[in-house]
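Those protein sequences? They're chains P and E, same order as listed.
The working numbering puts the first sequence at residues 262 to 583.
The working numbering puts the second sequence at residues 3 to 336.
Do not rely on the hints blindly, as some may be mistaken.
[Claimed, not checked] Covered, in the sense of this in silico footprint (three residues per stretch, anywhere, with C-beta under 8 Å from a C-beta of chain P), are these stretches of chain E:
no., segment
1, 146–158
2, 237–246
3, 323–332
It is worth saying that the hints were derived from the structure and are not from the lab.
Heads up, the beta-carbon is just placed ideally off N, CA and C, and yes, glycines get one too.
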Amino acid sequence: MTDLVVEFSTADGVVRAVDGLTYSVDAGRTLAIVGESGSGKSVSSLAVMGLLQSPPARIAGGSIRFNGTELLTMSRKQHRAYCGEHIGMVFQDALAALNPVYTVGWQLTEALRARHGFSRRQARTRAIELLDMVKVPAARQRVSEYPHQFSGGMRQRVMIAMALAMDPEVLIADEPTTALDVTVQAQIMTLLAEIQAERQMGLILITHDLGVVATVADQVTVMYAGRAVEQAPVLEAYGSPAHPYTKALLQSIPRLDRKGGELEVIPGRPPDLLAVPAGCPFHPRCERAEDVCRTGAPPPVVELPGGRSAACHFAQEVMTDA
Amino acid sequence: MGRYVLRRVLQGILTLFLVIFLLHLLTTFAIQLNGNPALAFFGDRVPTQAQLSAVSARFGLDDPCYNQLGNPCFGPFVNRLKDYLSGDFGTNLRGREITSIVATAAPNSFRLFLVVTATWLVVGMFLGSTAARRRGKVVDHGIRGFSVMIDALPVFVMLLVYRYVITVPVYTWAKKQFGSDSFIALLFKPSFDSDHPMITVIIPGILLGLAGSAAFIRLVRAAQLENYNSDHVRAARSKGLSERHVRVFHIVRNSSIPVATAVGIVFTEALAGAVITEGVMNIYGMGGLLWNAVRDSDVSLIIGIVTLLAIVTIVVMILVDLLYAALDPRIRYE
Ligand SMILES: Nc1ncnc2c1ncn2[C@@H]1O[C@H](COP(=O)(O)OP(=O)(O)OP(=O)(O)O)[C@@H](O)[C@H]1O
Ligand code: SF4
Ligand SMILES: [Mg+2]
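Take these sequences, add in the hints, and give me the full structure.
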């Protein structure tokens, strides 16, 4: 993805939900995208899949390429069909994302039957295989059950199986565990990591949970107000964040080894996208902000050693401070 | 599922019993207030006391409770239930079997219903889906305007305008052009023709169906819109399925659940509309029959017809519930 810009026309004006986002993910690698609510994480992944409703959404610029194939110049129909074959998507709320009126088996193999001419018997075999793959017990019986008969964690497994049905090369998981309770969250994350390693898929993991990022991701992209403010390998980003926002996010993670210590909360709120502050969008909340941050264009992306980058006037200093 | 059906059927029987009882109470009080309806049997003649009591006895109106205002007359009620259970629905004031009257009238009503139901289903589904698919566009506004307009126009006005303004010239012209037994002429015949019960009922049926479709259009539209932006539809699109496939299997299919519940409501509305339609268009059906029976204070006939209509309604409601369960696995597996 290069310089993607997505705008929404709303009653109050045009909202730029994604503003020049660039990222890439390689086969077998995991890219985590983190950021507060409303920073454009979901919108950018829906743009990849061709799932934005337009209007109100409009892709105002940029390019999304998959193995060199440009997706944004395709017709919507081609785009969706292409992504159906190559990119799988796991949605946040499996209960809502599964259709209540069809059996799990039916939904798992819907595309295989509709697009690849699978017979019912082939489809059933494949559905059982998929459920086994995501470790749903008694898959043979459960294929013919309905989503409401599954527990939350099992449902999310089904959702993952559904995304894997077409053997995608890349999987996008948009907050795959937020709707689940903590113990189940860990199981689902482990499952995703295993499947990804086994199939050497690229995984784009959208999440709020920085703890998860540390354990499963290779690369992290931190988003703020529609932009990537920092991109770095996970260990480096955690060890020496190069953007004050990343730093603040890391300080707001509850940590067992700092029991009793104050949990820091980032003051203020994410900006209203209709009135993004001039200069650096983060400046009203930034403890390092100086005059140069408050006016003019947003700070340019600074390339840093180790294939990292950050959009802050003081990236270099922030990184070495830590 | 079996228990669900059984429970619904038992509920239906209880409802039916209550309807019959309520009806009994209403007619009983009407008799107590208005005097013996057996008098109607004699028309303008004044019967002797003996004649009157003979006729009263025949129609089960001789119980002294009918002279005591406020007496619920349980005795005659129990007798009537017993008769009904043994298949005896009594006679009208002219001595004709109610079952035989209904047997001639019901098929005409049934034909009318067929046309009405087909119309509102087809019009409602088609226009509702189209409006949902083109939401916010001109077509959508047009369809919504159309449905509001239909609602604002009472059925009987529509029928009267049709009968007295449209049919006469068209019918005259068609008769001259194609002969009075031609399809076109019969189609626009201003009143019902028992020799051609189907053709002459088509246009009144369509008009009544249109009236019923107004609410249905909006319901189908709303139900589908809710699905267009739902998570499961987005997930279906992410599988690379064609928009048409998504529409049929995920949008229309899922919106059929709320739509099914409305079928019962629209049906009862059509039932009420049928009484008016049959009246205006002179259709010899259950509605027209009921209309006349009320005018003649023909108690047995009124109760017989309303009971039958109640049975039909209750059966439809049960079918709707079963349809609902068939459409929604969350209910089926409760
Ligand atoms: N349909 C829409 N109409 C108008 N604006 C929209 C629409 N959808 C999204 N947006 C805008 O896009 C912004 C980014 O939304 P997005 O869903 O990508 O956030 P997110 O980072 O995924 O947040 P979360 O963590 O809550 O999922 C929102 O702040 C909102 O202003
Ligand atoms: S550019 Fe300035 S305001 Fe923005 S993050 Fe860097 S220091 Fe803070
Ligand atoms: Mg989101």
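Structure-based check of all given hints:
1. 146–158: violated (count 0)
2. 237–246: holds (count 9)
3. 323–332: holds (count 4)
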